[in-house]
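Okay, so the sequence shown: first residue is 22 according to our numbering, each after it adds one.
In short, the hints are calculated from the structure, not lab data.
Model, not experiment: these values are computed from the prediction.
Treat the hints with care, since some could be wrong.
Here are the in silico distance ranges between beta carbons for each label pair [to be verified]:
| no. | residue 1 | residue 2 | range |
| --- | --- | --- | --- |
| 1 | Thr101 | Val32 | 35 to 43 angstroms |
| 2 | His137 | Ser50 | 41 to 49 angstroms |
| 3 | Thr52 | Lys97 | 31 to 39 angstroms |
For glycine and all other residues, C-beta sits at the position ideal for the given N, C-alpha and C.
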Amino acid sequence: MDRGSQSGIVVGLSVMADNGLIGRVIEVSPTSSKVQLITTLDQNNNRVAASVSSKDGFVHGIINGYDTKTNRLIMKQITTDVTIKKGDQVMTSGLGGGSPSSLLIGTIDEVKLDAHGLSQEAYVTPAADLNDIRYVTFIQRTAESGE
Numbered sequence: 022m023d024r025g026s027q028s029g030i031v032v033g034l035s036v037m038a039d040n041g042l043i044g045r046v047i048e049v050s051p052t053s054s055k056v057q058l059i060t061t062l063d064q065n066n067n068r069v070a071a072s073v074s075s076k077d078g079f080v081h082g083i084i085n086g087y088d089t090k091t092n093r094l095i096m097k098q099i100t101t102d103v104t105i106k107k108g109d110q111v112m113t114s115g116l117g118g119g120s121p122s123s124l125l126i127g128t129i130d131e132v133k134l135d136a137h138g139l140s141q142e143a144y145v146t147p148a149a150d151l152n153d154i155r156y157v158t159f160i161q162r163t164a165e166s167g168e
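Use the sequences and the hints to build the structure in full.
Structure (structure tokens):
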């Protein structure tokens, strides 16, 4: 990216393109920054706290995988007590302090039980075209009132 610390960019900022989350800033120099995409296969850096708005209310989980064959994100650790369905929107939850809440990640494409049958996992079609990123927006988390 051609923006860096001279433009106010700092490590950890969420990055959006095409109205969908694409990643976060992991390195910054005075005039440039490096973004780790949400599709990374790096197991240490690909976690995003997410939520789904379903008929049962908000359901929380973690985006922490990417299926390279189908180009879908994988949302895990979803309780089996709720029903989520194809077409439901997935947003950042704001939990964990990594990103602000309500940034669009994508939509549910498929839901199934995890390998152990203890929780659900969902395959999410990203809102942004991660193969054609032309312009990005850096999103800064602001302090909530009263903090």
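Taking the CB of Thr101 and the CB of Val32, does the distance hold inside 35 to 43 angstroms? holds, 36 angstroms
Looking only at beta-carbon atoms, does the pair His137, Ser50 fall within the given range of 41 to 49 angstroms? At 43 angstroms between Cβs, range holds.
Indicate whether the distance between the beta carbons of Thr52 and Lys97 respects the range 31 to 39 angstroms. holds, 37 angstroms
Of the numbered hints stated above, none is contradicted by the structure.
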